[in-house]
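Peer 1: Going down the list, the protein sequences come from chains A and B.
Under the working numbering, residues -19 to 533 are what the first sequence spells out, in order.
Under the working numbering, residues 349 to 628 are what the second sequence spells out, in order.
Honestly, I wouldn't trust all of these hints.
Interface residues of chain B toward chain A, partial, derived using beta-carbon atoms under 8 Å [to be verified]:
| id | residue |
| --- | --- |
| 1 | G504 |
| 2 | R507 |
| 3 | M519 |
| 4 | T523 |
| 5 | V524 |
| 6 | R528 |
| 7 | N543 |
| 8 | P547 |
It should be emphasised that the hints constitute simulated quantities derived from the structure, not laboratory data.
Given the structure is predicted, the values throughout are model-derived calculations rather than measurements.
We put the beta carbon where it would ideally sit given N, CA and C, even for glycine.
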Amino acid sequence: MASFVEIRDLKLGAMTDSGRDVEIIKGVSFDIAEGEIVALIGESGSGKTTIALTLMGHCRPGCSIRSGSVVVDGKDMARLSERDRAAMRGTEVAYVPQSAAAAFNPAKRLMDQVVEVAQIHKLMPMNQARAKAVELFRALALPDPETIGQRYPHQVSGGQLQRLSAAMALIGGPNLVIFDEPTTALDVTTQIEVLRAFKSVMAAGGMAGVYVSHDLAVVAQIADRIVVLKGGEVQEIGTTAQILNDAQHPYTRDLLAAFHPVPHAVVAETQAAEPVPALEVRQVTAGYGPVDAKGVPHKLALRDVSCVLEKGRNLGVIGESGSGKSTLARVMAGLLPPASGQVLLGGQVMEGEARRRSKDQLRRMQIVFQLADTALNPARSVGDIIGRPLGFYHGLKGAAREARIIELLDMVRLPATMRHRLPGELSGGQKQRINLARALAANPEVILCDEITSALDTVVAAAVIELLKELQRELDLSYVFISHDLSTVQAICDEVMVMLNGAKVEQLPADRIHESARHAYSKLLFASVPKLDPGWLDGVTRDPEFAASLARR
Amino acid sequence: MTARSYSNGLFGYRLSAVGTVAALVILFWVFIALFGPVLTPYPPGEIVDMDYFGPMSAQFWLGSDYLGRDMLSRILMGARYTVGISLAAVVISCFMGVVLGMTAAVLGGWFDTCLSRFLDALNSIPSKLFGLVVVAGIGSSIPVLVGVLAVIYTPGSYRFARALAVNINTMDFVTVARARGERTPYLIGQEILPNILGPVLTDMGLRFVFIVLLLSGLSFLGLGVQPPNADWGSLVRENIGGLPFCAPAVIMPSIAIATLTISVNLLIDNLPVRIRDRSE
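Just chain B, with the same shape it has in the complex (with noise of 0.2 Å):
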């Protein structure tokens, strides 16, 4: 009865619609970060438009901004500081926060207690605050940006991380382990992250979405990443003047955000579903 076998599935995976419009989006966008400079029509630092706030026109296709430089370069170079900065924030802070939960959990007792209400603390300063105290002490630097953005959601992928291994911890196979005389080591790498590595890449994906979201709040506020460079949250902060103008240098910049967050999103929200029926 295998009249309707879907040929769809990818490797045993099967990916839905909204899914696969959010992964392209994706790929658009990594795209471009990787190769941005290349494309860009004008060098994103130089003023090559008489005019400011200029509309979309076929010499500037997504106007020029509050200097007249053009926009559809910077969006272009800025999308480089975006997902760069983002990407490593959200690898650093997930890979602490897994490592340290999984340890928790299979160590349990002091350790536990000790780590589990220090990150309980860090967490409960409020996210930007906490980045603009941070930034405004010690001056602003990309490798700075990643690093407050990194301590900032180690406690929430911890506590994430660590609710999940404290499941698996219980199984048979983890005692069947200890039974045998496995080091933590063990256990964590084999056993446990094996198991929970699912749920940790979306949680990864999702605070990845956060990070882009507080980034571009950084950089609008000032404290993000610093003149001549931009990300798309300085280009919104740069042009916020062209607001009642309409022009399209405010725009453009913080669709590109919302593209990126929500296709993020959408993607976590419709990963590929393997196909289970495997007796055949």
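So that you can see chain A by itself, here it is in the shape it has in the complex (with noise of 0.2 Å):
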């Protein structure tokens, strides 16, 4: 019996410039039936998209096929020549990237991009493509699905451009579409919209498709089966029903645990007596852009934002992009002046720019940034960057320095070893590890985690939860822990504040916002939120109140 789509026994490698041969993928086998949606899952690394791109007999620059077969549709890609391969793409096989931003050309109208397959393959008339395209629109939920395709890319939302990446890919009637992680980049909830849509055309048109993903609750939406890939190998392949409920392989249970981290323990009551609250933050309102004659920023990001964080307890802050999350964090650590408005730390009103702080309030609160890449110095040792605030704040040289750097090391349970590398050389995990350790250095007492987990695989990001915990039993920490993830900040926080548009909606206890949510958005935020039942998807959009809030956002 053959399936549609057969892979068996595909091996890929790649050579690296030292002349080293690397495996990358190690005998992956699988099958895709007609009209089945199969999800590839794993962490960055488990060659999850590699073995996706082979479907369209697509290698990255410098890898190739070493043996295998990839058969979809009776023909091997491995071996068809690029000619016939370029024939199948887009008619055969169509595929839709992770950021439809980066696919779409910012100089030409949406339209003439979507029919574009049409026109390269020569399926059909222009005017019938067209046709064709705007009912795809209207398949997927495109508002205004006559017009739409006369905008440009940056007139359109970052959900609405996903679908129509979609639209695009769809145009040619493929029969195995190819989803790269296409809801990652996008908000919870919009991520519902695009999600709904990808289903309902998919099952329209009766196609197959390989959904690519990290995220196991957004895969159990969609998918009927399941690939566990790790390290280029299969660990496990299953329906999702048997993956979610009676998962076998360790590693997959790892992935289901990290879904459900350990909710945060209330610390006692008692510490709440506290007079003096670690950091106030009362009525800020900040923004970018030139200023006005009364001191108002042309674009306002944070308006009269006031909130609390008492020490020993941790507040979370959620929003989706632009909600101005980010800039709190960056007027916390005086990297932006506010406006109006005080930051208060134990009790002191701090000066708005970190210059005119005292060197003693700087080293009160620490700020980690997001991207670990990026916020550590890729020139200098790991050993020179926690070294520099030991200097720096306590003026720590020689043998004091090297040995307080271990014992920091040790602290985020790294080796000693690993102040003699350079950042470039370490894993994310371990560089968010050593971006905690510098900011621990400084014998803080406040830290402002900005989106510190989000770019960081799921198994990853609960370990770095779990450190950040121990450490804060330790050391007597507070932190204000930033994220549009609702899990993570409910995993560590007592309090969450949930943002919209710079304005603060609400703020409830970690361990009751479902019960205890007021506000029609923080709801919706709450509901948006992907679980690992199959049936979820189906059941909220069902919902007749939760389809007209998202209607109204």
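Can you join these two chains into the complex? Each is in its own frame, and there are hints to help.
Peer 2: The structure is reproduced here in structure tokens:
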């Protein structure tokens, strides 16, 4: 019995510039039946995108298929000539990329780009192609399907652009569609719309699909079967229900466990009796651009925001991109002086600019950034990076400094030998730990964490959260934890502040957010977080109240 | 799978064949510049040949010049002026340009605006003309030449360093350093400089070539190194009268200028590549 797609013992390798051979995919086999959606799941570097690309006969530069076969509809993509492959791409197999924004040409109208596939392959007359595109826009629930094609890419939102890139893939009537993390860069409330559109279009067209993702909950909504990958090898294959409820492989269980973080145990109430909060923000207004006569910036990013962080407690700040949560962290750290309002550290009013704050104030509050790659100077060794705050704040030198560096590395569970390495030689999780160690080197009281787990794989992120909790117990820290991911915020915070368009919506206790949410936006935000339940997407979208608030947004 | 390990990877770097040849030519001229006076077969200022514009012979390897002086000795001596003045000028101009560029990028605001406009204005004066006017005005000596060449090439170096530093300045690690309360000298020296050093050195090599050519140009016009001393540019000028006789006295210094500048260019285009595969 031949399936629609058969991958047999696929091996893929690359030659490094020192002439060493690296095996990337180590013998992967699986099938996709007609009309079936199979998800490839795994952490970064597991080979999931690489495998998906071989379905179009494409390898990234430097890589080559070493052995095995990739049979799509009876044709082996690994052995076809480049000309035959090009003929299949777009008509037989289509690709929806992760970043739709990067996939569209900003200088051309959307319609011209969507019908390009039909034009290249001479599939149908242009008028017919445009009519089909409008039909697809309607099926993908895009607003104004008749006229949206006349716009340019910058005139539509991120979620709409992602659906338009799906329309671009579907116009050639492919039998297999590859989705490469299409919702990873979107906010949860947008993700839900995009997922719903994808699901209905795929079901209506009876197409087979490959869905590449690292998010089990998203995959659970759309896939029939799941392939779990790690290090270029298949760990486990099963139907969605099997994987979710009865995972056999330990790695799959790790992935599942990382999805159910241990809820944060509220610290004993006695500590709440401290009279002075660790950090307080009073009615801060801040923004970017030229300042007008009244001292108000042209583009406001924060409007009259107040919040309080008690000693030994953690405050979560949650909201979609553009809600002002990172700006709040920048104001707290003194990187963006507020137009009005105050920031108080331990009851003392601080200057708006970091340059004017005292060294001690600067020491007591440290900031940790999202992208560990850019937050560590690539030209300096780990020891130098961690050692600088030691010298700067505490005047440590020589052997005392060296000893403290080793101690800090140990605190973030890294070996002492790591201090001679450069950041480029570390993994993402290790870099984020170094980032944390640098903040800890100052002996701070408050640490501002700006999306620090967002760029990490699920399992690694869970380990970093665990580490943060341990450090809090040992060092009596308070965290401001900024994230767009509700489950990580719940895993570590006592209070959650919801933000929208630069304003505070409401502040809720983390353990009862669903019950105590009053504002319609917070309810929508919390309800939009995907759950590990294959029926979740159909369930929420059928809820009339939810659909109404989603439409209002 | 390390069967094909590259044994020519020197300290984790690999240099192409063209780059190796270019590096050898540059090393040769540096050696001449350092030890030229020891190697000269005749005193470079003395008339030793009875003939003028003499051909290449066993006695005078590169012929003789318009007065009958030994060409080989004069080229060996000239290397010192050409390489030395150019090197001093390029080091000064790049140092000023890079330090000012990084400072402007980090401080921003009015400092950046004023300095950028001032150096743009300086840049808009044609370099040869500027050199001519200054040298004609205050006379030619080696310190004046070095100073003029350095000033002419500072704005370009500043623009280049500033553009690189502006990119680095927006990185999170610089933001972290600012949030820590670091001062400008630390930001410039420790956070930004190590990350722009590679391109800056490349730019310096390129600028060296421009300076050699401009210096030779000035000397050719009679405003560079003054007789009886001579750099390669003035050697070409002195002997230009020998051109109708196909005298080696014109061709040889030209070849010297060409080999040095082309080699530096080729080396920059083929800089040693770091072997990135460090996962073993």
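Peer 1: Now tell me, hint by hint, if it's right for this structure.
Peer 2: Against the structure, the hints come out as follows:
no.	hint	in the structure
1	G504	violated, 24 Å
2	R507	violated, 22 Å
3	M519	holds, 5 Å
4	T523	holds, 6 Å
5	V524	holds, 6 Å
6	R528	holds, 6 Å
7	N543	holds, 5 Å
8	P547	violated, 13 Å
Figure legend: structure checked against the earlier numbered hints; hints not met, in rising order: 1, 2 and 8.
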